[in-house]
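J.: So you can see what is in the structure, the chains are spelled out below.
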Amino acid sequence: MADLKLTQVIKRFGDLETIHGIDLDIKDGEFVVFVGPSGCGKSTLLRMIAGLEEITDGDIHIDNECVTRVPASKRGVAMVFQSYALYPHMTVRENMGFGLKMAKVSKHEITRRVDEAAQILQLGPLLDRKPKALSGGQRQRVAIGRTIVRNPKVFLFDEPLSNLDAELRVKMRVEIAKLHGELRNTMIYVTHDQTEAMTLADKIVVLRSGNVEQVGSPLELYLNPANDFVAGFIGSPQMNFINCEVLAVTADMLRLRFPCGLETDMPAMTANVKAGDNLKLGIRPEHVLEDASGELVICVDVDVVEHLGGSTFVYADYAGDISMTLQVGGLSDINGKDKREISFNRHYCHLFNEAGKSIGLRKDALELKAAEKMLPMAG
Amino acid sequence: MSVKHLKTLGWYLFLTGIGYVFLFPLLFMLVSSLKPEQAIFADLYSIRAILPVGELSLDNYRQVFEKSNVSLYFWNSLFITVGTVIMGLFVNSLLAFTLSRMSWRGQKLVLAVVIALMIIPLEAIVVPLLLLASKLPSIGWEGGMLVLKSSWLNTLHVQMLPFVANSFFIFLFYQFFRDIPKDFDEAAELDGATPFQIYRHIIVPMSGPVFATVAILHFLLMWNQYIWPIMAVQGEDARPLMPGIQIFFGRQSSWGEIMAYASLVTLPVLAVFLMFQKKFVTSLAGAGIKG
Ligand SMILES: Nc1ncnc2c1ncn2[C@@H]1O[C@H](COP(=O)(O)OP(=O)(O)OP(=O)(O)O)[C@@H](O)[C@H]1O
Ligand SMILES: [Mg+2]
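So the protein sequences, as listed, match chains L and B.
Mapping of the first sequence onto this note's numbering: residues 529 to 907, in sequence order.
Mapping of the second sequence onto this note's numbering: residues 3 to 293, in sequence order.
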């Protein structure tokens with residue numbers, strides 16, 4: 529059980545700085561997910577917490593104890609590797625007990641704790657096999673079991689599910705969630721699969737090229753992304769962005785002109801906005817309506833329609849070169865190439881200034897729900 | 003069907019023929035060692051030269067043991083070879099481990115030096131080495147007493163220590179270790195293993211093939227040492243088998259006896275090779291080295 533605190537953590541490989549001063553507070557028992565595009569430094573940050581990568585500058589505290597210069601094995605952390613890194617010449621039991629053996633724990637105690645962990649993960653029948661004789665999912669469970677045995681303060685996972693097929697991935701995701709529910713340890717989990725991030729996390733940390741873009745609960749990031757990067761990264765399919773020009777500014781309202789000429793008022797934080805600015809308006813595919821029933825109606829050229837049964841994805845071009853994605857619940861009456869009107873409502877729109885920072889009003893899940901009910905055709 | 007069988011038969015004949023070409027010297031040696039002197043010459047120009055026919059006996063072997071100190075030589079060779087190989091496996095793999103899996107100041111330089119050293123043949127350094135060995139003091143037994151000797155010459159260890167570390171073997175280990183994913187080390191590091199424990203519990207058990215390869219190559223290298231022992235060892239006490247054959251040759255021995263001596267020298271090598279053959283072949287294939 530442990531709090532974790534990162535203060536101005538910096539990592540340089542030679543002259544190349546890849547982590548630029550990260551501050552982060554992780555509370556005891558929290559499930560924290562690091563997400564971000566490839567190469568943004570998720571693994572590096574995780575490995576610095578683990579003690580596998582030297583910390584160039586800054587400090588890491590676990591349980592209010594500075595561990596910046598403490599070797600990996602003494603930090604009380606355990607890690608599940610993407611490759612699992614099960615020792616091929618040892619049986620499952622030996623793999624799981626290796627850490628305890630190194631810590632000179634008695635044979636009897638090792639057996640007891642390995643059995644206990646095997647119980648939790650249903651590994652009992654596999655204990656005497658070598659890793660070679662296990663399936664991908666079983667290996668994954670052994671890798672997790674190996675960390676449980678050591679009873680660490682913090683669990684670290686580096687893309688643990690990326691080597692599994694889609695079906696197994698969902699299954700293991702649920703198991704990991706269950707495990708966290710049972711053990712209640714602090715867990716840090718790296719992924720670039722945002723479904724994993726959304727479903728597992730108490731708290732998501734979005735990283736981009738070595739900087740923290742935003743920290744928050746999955747819903748918070750979904751509803752109130754701090755900038756256009758987070759807005760585009762969280763949510764699938766990706767949020768649609770439309771460039772709009774500011775025509776006039778009042779205390780809490782912006783007059784915007786869409787690329788197609790449509791003019792409308794939009795509530796926003798207008799402090800640093802002036803007429804003539806270019807803004808990005810963001811609207812999620814699931815909030816775009818396939819007809820003209822919403823508040824703001826635009827005309828698009830439908831390109832491709834994907835019928836998934838439960839939902840339908842529509843890919844369209846707006847004002848020439850802006851691609852728009854629509855997610856329609858259930859079946860859609862859009863069929864193939866077509867020119868048609870689509871629409872959306874103001875309270876679902878996000879606004880980002882030229883620097884990408886959000887200037888939209890704070891959204892609240894309850895308010896959104898209420899607003900939805902008032903507009904019966906929204907969905 | 004018959005065409006196919008003929009083809010197969012043809013192949014076998016062809017391969018057997020080739021096999022004979024390569025086996026000929028070996029067979030000739032073994033067979034001749036069992037024959038009396040006249041029979042060897044009588045059979046020399048016929049197929050009988052490599053067939054165990056005629057009057058066969060172990061007389062030649064008996065003569066070898068009588069005329070020469072071969073059993074002493076044999077134990078010397080075995081001690082030198084096995085001792086050096088065991089020390090070598092440890093030393094060479096440990097250096098390769100630190101070169102491939104740890105990071106320390108000067109690492110690149112050491113690796114470059116190790117690779118560069120592979121080009122230098124023993125012959126190039128043998129004279130300075132001899133000079134060095136003659137000046138190094140050592141402790142040894144003489145007449146049941148522990149005495150301080152003024153040089154390393156005429157000892158067993160002078161035949162071992164210069165050959166323990168070997169840049170080629172270090173390089174073989176290095177290449178093999180380099181391809182083992184770093185994740186294993188890191189997992190073990192998190193498990194609380196020290197670098198040496200990682201070496202001992204993780205890397206060594208995963209590297210059976212390369213250990214077998216190096217063991218065989220090192221064994222052959224040591225077993226066949228010739229120039230160095232001739233230079234560094236004059237007395238009988240520390241003489242190994244290979245220089246022994248030269249001495250024996252010089253002592254008016256018959257060809258049959260020489261063949262018997264040669265067989266005695268060759269058989270242990272064959273035995274070792276056959277023992278490790280499978281691992282040896284797989285590891286050569288794995289290392290991407292063409293045999
Ligand atoms: N040992 C190293 N030496 C130099 N640069 C490195 C090293 N390790 C990582 N980097 C660089 O640091 C950056 C972050 O790498 P990192 O592996 O943390 O990315 P990541 O977010 O985990 O990406 P992915 O999702 O692909 O795993 C990358 O630009 C990478 O090239
Ligand atoms: Mg990574």
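Since the hints were made in silico from the structure, they are not lab data.
There could be a bad hint or two in this list.
Calculated lysine-lysine pairs in the PhoX-like style (CA-CA distance at most 25 Å, straight line) [claimed, not checked]: (1) L/Lys867 - L/Lys897; (2) B/Lys280 - L/Lys658; (3) B/Lys184 - L/Lys658; (4) L/Lys802 - L/Lys681; (5) L/Lys602 - L/Lys632; (6) B/Lys184 - L/Lys602; (7) B/Lys184 - L/Lys660; (8) L/Lys629 - B/Lys184; (9) L/Lys681 - B/Lys184; (10) L/Lys660 - B/Lys280.
Facing chain B, according to a computed beta carbon distance under 10 Å, are these residues of chain L, among others [to be verified]: (11) Ala578; (12) Leu580; (13) Ala671; (14) Phe757.
Even glycine gets a Cβ: it sits at the ideal position worked out from N, Cα and C.
J.: Which constraints among the numbered hints does this structure fail? Numbers only, ascending.
T.: Numbers 1, 4, 14, in rising order.
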